[in-house]
Amino acid sequence: MKRYNNIFNKMLLLLLLAFSFGCTEDYLDETEEYTIDSENYFNSEEDYYNAMIGVYDILQSTYVNVLLGEIASDNTLSGGESANDVIGFQQVDEMTHTPVNDNLDDVWDWNFAGVQRANYVLEFQDKTDFEGREMIIAEVRFLRAYFTFELVKWFGPIPIKGDERFVLGDENSVPRASTEEVYAQIESDLQFAIENLNYTAPETGRATKGAAMALLGKAHLYQEEFDEAANVLTDLIENGPYALADFDTLFLQEGENNEESVFEVQYTGEEGAGFDCLPCSEGNVAVGFQGIRNYSGPVFEPGFSFNVPTQEAYDMFTEDDIRREPSILDIEAWAAETGATYAEGYKHTGYFNRKYLPRENDNVGDANLTQPNNYRSIRYADVLLMAAEALNRGGIDDSEARTYLNEVRERAGLDGVDAAGNALTEIIYEERRKELVGEGHRFFDLVRTGRAADNIEGFTAGKNELFPIPLEEIEFSQGNWEQNPGY
Amino acid sequence: MNRILVLILFCIGTFSLQAQNFSVSGTVDEADTGLPLPGVNIILKNTTNGVVTDFDGNYTINNITAGDVLVFSYVGFLPQEITVGENQTEINVILKTDSAALDEVVVIGYGTQQKKDITGAVSVVSNKTIEQLNPIKVEQALQGTAAGVNVTPSSGAPGAGININIRGIASNSENGPLVLIDGYQGDLNTINPNDIESISILKDAQAAIYGIAGANGVVLVSTKSGKKNTAPTIQYDAYVGVQETSRELPLLNATEYGLLLNESYANNGQALPFPNVSELGRGTDFQEEVFDTSPIMSHNLTLNGGSEKVTYSFGVSHLDQEGVIGAKKSDFQRSTARFNIGVDISDAFTFTGNTIYTSIDRRSINENGLGSVLFNALNIPPTFGVDQEDVDGTLGNEIINPLSQIENTFNDYNLNKFNGSFSLDYMPIDELTFTSRIGYSLSTSKGKDFAPIIDYGPGKVFNNVRSTVNQNRINDNSYTYDLFGTYENTFDETHHLTGTAGMTVIRNWGDGLYATGYDVPNNSWDFADISLTTGTNDGLNNSAYKYDIRKLSFFGRLQYDYKGKYLFSGMLRRDASTRFGPENRVGYFPSATAGWILSEEYFLSDSNVISFLKLRGSFGILGNDEAGGAEFYRSLLNGEATYVLDGNLVNGTALGRIANPASGWEEAEKTNIGIDLRLLNNRIDISADVFREDRKDLLVAGIPVSGIFGGGAPGSGAPTINAGTTRNEGLEFAINYKENFGDDIRVGVGYNATFLRNEVTEVNGTEFLPGGQFGVGQPQPARFQEGFPIGYFYGYETDGIFQNQAEVDAHPSQETLGAAASPGDIRYVDTNGDGVINVDDRTNIGDPIPTATMGLNLNFSYKNFDFTAYTYASLGNDMVRNYERNQPNVNRHAYYLERWTGPGTSNEVPRVTTGATSNVAFSDFYVEDASYARIQNVQIGYSLPETFLEKTGINRLRIYTSVQNLYTFTNYKGFDPSASTGEAIGGGIDYGFYPVPRIFLAGLNLNF
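Those protein sequences? They're chains A and B, same order as listed. Under the numbering used here, the first residue of the first sequence is numbered 1, with each subsequent residue one higher. Under the numbering used here, the first residue of the second sequence is numbered 1, with each subsequent residue one higher.
None of these hints come from the bench; they were simulated from the model. We treat Cβ as the ideally placed atom computed from N, Cα and C, and that holds for glycine. Among the hints, erroneous ones may be present.
To be verified - Far from chain A, some chain B residues (derived; all Cβ distances over 10 Å):
| # | residue |
| --- | --- |
| 1 | Asn92 |
| 2 | Thr230 |
| 3 | Gln235 |
| 4 | Thr486 |
| 5 | Asp744 |
| 6 | Asp799 |
| 7 | Gly835 |
| 8 | Tyr896 |
Said to hold, decoys possible - Simulated DEER-style distance windows between Cβ atoms:
| # | chain 1 | residue 1 | chain 2 | residue 2 | range |
| --- | --- | --- | --- | --- | --- |
| 9 | B | Gln388 | A | Val100 | 51 to 59 Å |
| 10 | A | Val167 | B | Glu197 | 50 to 58 Å |
| 11 | A | Pro202 | B | Asn541 | 30 to 38 Å |
| 12 | B | Ala515 | A | Ser178 | 50 to 58 Å |
| 13 | B | Asp646 | A | Tyr487 | 38 to 46 Å |
| 14 | B | Asp455 | A | Glu457 | 51 to 59 Å |
| 15 | A | Thr204 | B | Tyr545 | 33 to 41 Å |
| 16 | A | Ser44 | B | Ala515 | 22 to 30 Å |
| 17 | A | Ser44 | B | Ala544 | 17 to 25 Å |
| 18 | A | Glu30 | B | Tyr545 | 18 to 26 Å |
| 19 | B | Ile686 | A | Cys277 | 57 to 65 Å |
To be verified - One side only, chain B facing chain A, incomplete, derived with CB under 8 Å:
| # | residue |
| --- | --- |
| 20 | Leu636 |
| 21 | Gly647 |
| 22 | Asn651 |
Start from the sequences, fold in the hints, and give me the full structure.
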């Protein structure tokens, strides 16, 4: 019995010890969950495609760049309901903005969100190989260039980190890269995109070779690298599939993604949205914001009457310019003609940005936030004018510059010009303003050509060329990032 | 023939054996009381021959020879050895209480300790207290019985959750203690109180043996088990009772309401809504309509016993409780079965195993929210009939007829759970024990709710145009595996050493599945199941989750005492939790405790006054890894990623909430200094503690960070960061007094009190964290902010009522609060003195954390009668009155009868008007002192005299009657000052808490 007990005891002891093995730290790494974690993704083509959609998604948030960029210019006034309605818009309109501005903060946050989502894909670009991977990477790099270009336009030097996501702590260590470094990354991204994309996209709305070339030309033009700009833009004009379209329908639903569209931000009214998350909307929030206040009548839907064109912007068009009516709505004339009614908002001018007004459609609520108007980010007309400007200002070929300029003028029902040199430059500038009014380019065109102080009331040279880094960002960086000059 | 011979020889042999031995019997009594002592162990020294006294203290032990030594022993009493004399067949013994040893054994985690040796702050609640309190849920037994433990019901609804905070609230998120049942991670919420032997609550650094999970304190539950060498005993406990609401609020009757509404309309220049008030009468009392008198019933059967090598305990119970609101739609049923067995497999191995099965069924009504049943009952005008809907839409979008609401409430929740443990002890030598133990908990629950097609009137938010049934299935599982060794020895009779070392593995895992069916046949609960629904819907109709959290820990503890006078212990635990990223997984949690038993010293050992005196202190660091439940070191891909391609919506994937790989556990530094004192031959027992806890590196969700991390993207958000520090400090005091007067009268009085100060000492990255809700569309009223108590209320301070226009004119403008002031409006204080009342004038106007809580408990018995009373008080806790809908046509609390109607009429309650006023802004007008004292339980029992029972075979039959929540003393206007949602930020906001019921019980305790 005693003997038996001993064997028995030993067996139990063995059993007891058996439990203690196998319990190493590995145990903690074997958790079974169906969560898709940021670090174990990118295992198939579908994963890359889905993550790319995530980057495209942020394009819709750039409505604020367009809206606020236009308000900053001499084309429009802030508008809205009262002097306190979206105070950030009001301050930018009057060039009294400070580092405390929620809307400038949105520009910073949302465009950096685009950069972060792009870098998430690029960080894992080599993880899984499949046919067509270069194309997805090229589109993602195009999108990173798009958001980065917006950021450098607004804020100048910004922190960049290459093909990696920012992680907590980087705000204290990653410095603001110089404008040159930022542009170098933009150019490299776009060059990669040009080499790996086609002129036609597999799905409407995705970036193309043409879009990358146009944006690269624009980036060079912003740096006054006229030769490089002229090269890529004339290449695009000669070899690309684009053409000018009928201006009357260009900004209507039927004009979306047409032959003039080089790159277009896609929106729809099929999904609802609310004020708690404006970037979540699938609609163009800017459109509802610049709609006619309390409007009741045909064709249009009401909105919040922001971003109202000035008398001067209306008056710059000659009578015979066919662009005037589709570009700017004279509400008094329209009301007289159709019997429509409306209310006058703050800084009422009598004009509305007709290119991007809410038009009657069955978008779901909140209807002010889900207008489906696509934003024509880069139009062929813009490409022609940029090419003309590069050829002229770079002293390369005024004649070719005139050809492109006149193409745009002729579509507008105007005669061609035969000026040259500085006179031609002035005409190109003027034409650019008229062609692109209401599309968010004017402020940055004035700044890059050094004409902002002369044209924008309240603009302080040496300060307002850049917008301030949001105050909280300066605080988060704990001295790592310096504020832009003058703020 | 041979056979018969053998048989005879055998019998003679047997007889001759018996002739040498005899039996001894007798009675064991308690020295102090003279009453018989059941359960006393009597062992023939140096043998395994032993018996236990029965309920009447009687015993009989066989096979005794003259000269044998009998050892009489019982926990808490001095053992006696008696040598049996020649033919001495009757030995009566009187046992004296062991005043020096006080060897009540207390579970302290990975072991037990004699109470006198404990150096940490531990409260113990025994099964005796549980029996006296008759709690429906175990948590209720801790209220007012254990110092430093604050118990707040989330509601008085049957089966509702109960929050426990030990020594205050330290975290901005999870504040509940770690609960261990027989060593494994468990849940107080589902356990049957009758299955519990004792509860230990570790309140200070001693809980550091539980490392990362111990910061909020540890509750150790031991379930019942049998005792060796005891005859089977059966205990049956049952009660039945009726319940009613503990409170109804005084509201305006129809006439008062009509007059008030007329005045309110007239004040805004509108036509009178009730031109003829005289016809209104008293109207409908909706509270009377929604409150019911409802039954409660409980049965509990326990069988205990043990032989020399095996102990067993078996219990079954059933509880059935209906709600006091909508009794037909709200109830709680709990059935449990428990089995416990202990086996000495061999000299060296002991096995214990236990399993508890629990089944819970619960139905509930909408409570504590805008539009809950009580909220509606308070706000619907008494001019409405019991079955009248608000078809004219006069009451806004939320308020509907509460009776229709109850009628259209359909839900059911069912939980099935197995939990238990298997444990093997190996004792190779007497000094060394190895324990290998696995505890498990496996539960599955299903829930269903049905929303019928219903129209409560135009624009009501509860209207439903399409019937739906939501169903879910949830699995929650966990196991806790412990392997540890304990070495205990005494060297030179003076150095007593106990060393414990081992490891623990905890895994919590589970999943949930939710689905919705549309278009329920016949719009009826009888057909409300997804299997019968046919409707489709464009959205996502189902969802699911899965989780798996693991912890791996190693620990060691050394306890040393010198001559039982100087006590030291030190412990260290290393924890790794998968709630954190691989780099920050591991934490080390050290602590040390010390004690000095002064009464063992020469200068006190002969004292007649002081029976026992101990000073003790502890310091240590504990952790908390629970903050909101989800992992935060990694990003999930749950961001919004929707774009439009080819004109269609396309969904992709994007990063969710910003990850913080650097996030680590919260750390609690706990310091405790205490004293244990027993006076006058242990009649008075005093315990006092001062404590401080600094909770550092609080895991705070939603701390703003730089935009470069992409938090501005849709579906993303701010990360969880270790970004705050809080401090709780306080004082605990407990005194118990026991005295017997003669043989018939016994008296016991217990009082305990806790005083607490709570403050947020640091918040990084943001000025404050908001929480809670007040009214509709108003800023969040509660804050977590440096320099203030956690969750303090942030609003305007008031200074009475403007009596006339001159006073209004003399005061800074209040226009930014909603409207310019008129006489009769609330006057707000310009706290910053800038000459205008605006948002910057908001300040601290109260907090929901009590500054003091206390319990006073009485026991009294005379002959066969016994009486107990338990009371509890909470002082200094504030509550926000948020059950009043700000809408012109709703009914009001009766305090509006005292409203301002002209100069000098009231300085408390503002005028009524349908026009715009600033009186609705969140101010101290809405914050009340919810201090209260409650008589929790009063019980009178009678035990039938033994003479009656002798023939029936019944050992004990006691009948009793009791009242729970007999009365609450408070100035608070709402239903229940004791209720809280338990949220750290936003607790103490009252939407019309479901009041705890007053319960009248009659019951019996029966022992065979």
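Structure-based check of all given hints:
1. Non-interface status of Asn92/B relative to chain A is upheld: no Cβ of that chain comes within 10 Å, the nearest being about 39 Å off.
2. Residue placement check: Thr230/B keeps its beta carbon more than 10 Å from all beta carbons of chain A (closest about 26 Å).
3. No Cβ of chain A approaches the Cβ of Gln235/B within 10 Å, the least distance being about 34 Å, so the stated non-interface status holds.
4. Residue placement check: Thr486/B keeps its beta carbon more than 10 Å from all beta carbons of chain A (closest about 14 Å).
5. Its beta-carbon lying about 53 Å from the closest one in chain A, Asp744/B satisfies the requirement of being farther than 10 Å from that chain.
6. Asp799/B, annotated as away from the interface, keeps every beta carbon of chain A farther than 10 Å; the closest lies near 30 Å.
7. With a closest Cβ-Cβ approach of about 21 Å to chain A, Gly835/B is found to remain outside the 10 Å limit, as its non-interface label requires.
8. The claim that Tyr896/B lies off the interface holds: its Cβ sits roughly 35 Å from the closest Cβ of chain A, which is beyond the 10 Å cut-off.
9. A C-beta distance of roughly 53 Å is found between Gln388/B and Val100/A, which places it inside the suggested range of 51 to 59 Å.
10. For Val167/A and Glu197/B, the hinted distance range of 50 to 58 Å is satisfied, since their beta carbons lie about 51 Å from each other.
11. Separation of Pro202/A from Asn541/B is about 32 Å and conforms to the stated range, judged on CB atoms against 30 to 38 Å.
12. Between Ala515/B and Ser178/A the beta carbon distance is about 56 Å. The supplied range of 50 to 58 Å therefore holds.
13. Checked against the hint of 38 to 46 Å, the pair Asp646/B and Tyr487/A passes, with Cβ atoms roughly 44 Å apart.
14. At about 57 Å, the beta-carbon gap between Asp455/B and Glu457/A stays in the expected band of 51 to 59 Å.
15. Range check, Thr204/A to Tyr545/B: about 36 Å between beta-carbon atoms, so the 33 to 41 Å window is met.
16. The supplied range of 22 to 30 Å is met by Ser44/A and Ala515/B, whose beta-carbon atoms lie about 28 Å from each other.
17. Checked against the given bound of 17 to 25 Å, the beta carbons of Ser44/A and Ala544/B, roughly 22 Å apart, stay inside it.
18. The beta-carbon spacing between Glu30/A and Tyr545/B, approximately 19 Å, falls within the hinted interval of 18 to 26 Å.
19. Evaluation of the 57 to 65 Å hint for Ile686/B and Cys277/A yields a pass: the beta carbon distance comes to about 59 Å.
20. A hinted interface residue such as Leu636/B counts as satisfied when its beta carbon comes closer than 8 Å to some beta carbon of chain A; here the least separation is about 6 Å, so the hint holds.
21. Checking Gly647/B against chain A by beta carbon gives a least distance of about 7 Å; that is within 8 Å, so the hint holds.
22. Contact between Asn651/B and chain A, as hinted, is supported at the beta carbon level, the nearest pair being about 7 Å apart and thus within 8 Å.
Of the numbered hints given earlier, the model fails none.
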